[in-house]
Amino acid sequence: MISFDRVTKRYEAGHDALREVSFDIEKDELVFLTGHSGAGKSTLLRLIMLMDRPTRGQVTIDGRNLSSVGKRAIPAHRRGIGVVFQNHRLLFDRTVFDNVALPLIIAGYDHREIGRRVRAALDKVGLLRHEHAMPLSLSGGEQQRVGIARAVVGRPNILLADEPTGNLDPELSAEIMRLFEAFNQVGVTVLIASHDLVLISRLHHRILTLKDGRLISGASGPGDAL
Amino acid sequence: MTGSADKATRRGGASLSRADLRDRYKAWLQHHRLCAADSLAKVLEAPVASLLTWLVIGIALALPVGLNVALENVQRLSEGWDSPAQMSVFLQQDVSVEQGDRMREEFSARADVDKVIFLSRDAALAEFSRLSGFADVVASLESNPLPDVLLVTPASALSEVGISTLREEMATREGVAEVVLDMAWLKRLQHLMTLGQRFVLAVGVMLILGVVLILGNTIRLAIESRREEIVVVKLVGGSSAFARRPFLYTGLWYGVGGGLAAGLLVSAALWYLDEPVRVLAGLYESSFSLLGLGLMGVLNLVILGGVLGLAGAWLAVARHLVRIEPR
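Protein sequence lines, in the order shown, are assigned to chains A and B. Going by my numbering, the first sequence runs without a break in its numbering and finishes at 226. Going by my numbering, the second sequence runs without a break in its numbering and finishes at 553.
It should be emphasised that the hints constitute simulated quantities derived from the structure, not laboratory data. A couple of the hints might just be wrong.
Listed next, with one range per pair, are the computed distances between beta-carbon atoms [as the list claims (entries may be wrong)]:
id	chain 1	residue 1	chain 2	residue 2	range
1	B	H258	A	S201	46 to 54 angstroms
2	A	D93	B	R250	26 to 34 angstroms
3	A	E171	B	L247	44 to 52 angstroms
4	A	F92	B	T420	52 to 60 angstroms
For each residue, glycine too, the CB sits at the ideal point set by N, CA and C.
Same shape as in the complex, but just chain A (with noise of 0.2 angstroms):
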């Protein structure tokens, strides 16, 4: 579902963010991607999100090698992935709902399909009854639970999420990556990018782990057995 094929990303400064970093993530799996800031992380998922390009090498994402793309082809691509934000980047001038529904009026969805749909999301994260309040009176937790739908919601087939639990206790951290579970349970293919260690390891998922850029563990999934 989503695969790197030797992929370096170099900076104009000369700082290389990715170094040859090669790993292959199945359907269905879910994968933390993991290492010290500046390690990479953020780097390799806003290559997923062609937010930027490789310099060299290969990234392939539901079979479609992304060199292809074209810069018009772009917002469809994204509109394939839904992405969780570390600081959330919700718009405090709409409400939950509308914030929600964002992605869907994007993609063109019929009104009232809209409106079922941002209600089955928000139920799923448990805030159907906050649809009509403004983000800014939601707590951390709930404004993540919030983005979490919003990344959802479009039924994409990849999830990404960049330091999703950054500024939760662990409780809620715990909760936001049950919700993770869930969704990667109904089959779509979920990659988390977190430094919280301690949480992570407990739940017996596959770890990437970058270090300067390159990867030193993980590379090997289940794919590779087969």
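Fit chain B to the supplied structure of chain A, relying on the hints for placement.
Structure of chain B alone, referenced to chain A:
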């Protein structure tokens, strides 16, 4: 893997099926409606700032439009004197009425003459005493000092050379004292009008450019203040067209409001001037009155404003929106 195959076919089918295309078209229309309403609400949310923007655009548009309306009125006023110019053929004092009438017929028969009116000296004197207010003086005259006059209107297609040829031929005719054709002032007026038109056009082009730039700047500020929203829209897969739409509508609303303001300003100015113009025209024995913009004129201004608003928004969006990319 079956799930993925299902999803793939569903997605592949989505781009092909006609019903889905119709849904997409409906959704597209819906987003346009949503953007239009949202942008209008945002414009109205800050009434003072919006009103100022509308006024600035309104004044910038009202200036050339007002000048143009004034020019059109002057043109309409002078239309009565426009070419073909009339020539006054003064006959010698000893020409009798019968001879004068014969000359009228003779001139009328010419191909380069449209029509000839014979104004006898008595009729001329009567008209003079009636219009000039010197009736007493005229009555005290022993004899009529005025000559008979033939008012000759040249054929409308006649060139300037043709007119002077006609004039010379009539002047050398026996019994004609003088042919008067004062076209110099008419020419001056026409040149002044051309100058005025060019001036209005130049001012108009500059102010329209100014309006586009003002709107572009206003939209640029709107884009800056909604930067985070644009980033999020792009992150969750919104196309550039999607991100741009609300700003184009904002530009449209500013432009339409500005056009309406311009229409109101010009109409108010004309209403303010109408009374004195009527009085002045009355003094010149004319029933002339100002021609306003009319409903169509105001509508045209609103449309022009809307188009300029869109143009300004395009300018800002093309320059600033593409640079906002998720980091």
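Taking the hints in turn, this is what the structure says about them:
no.	hint	in the structure
1	B:H258 / A:S201: 46 to 54 angstroms	holds (50 angstroms)
2	A:D93 / B:R250: 26 to 34 angstroms	holds (27 angstroms)
3	A:E171 / B:L247: 44 to 52 angstroms	holds (48 angstroms)
4	A:F92 / B:T420: 52 to 60 angstroms	holds (59 angstroms)
When the structure is compared with the earlier hints, no violation turns up for any of them.
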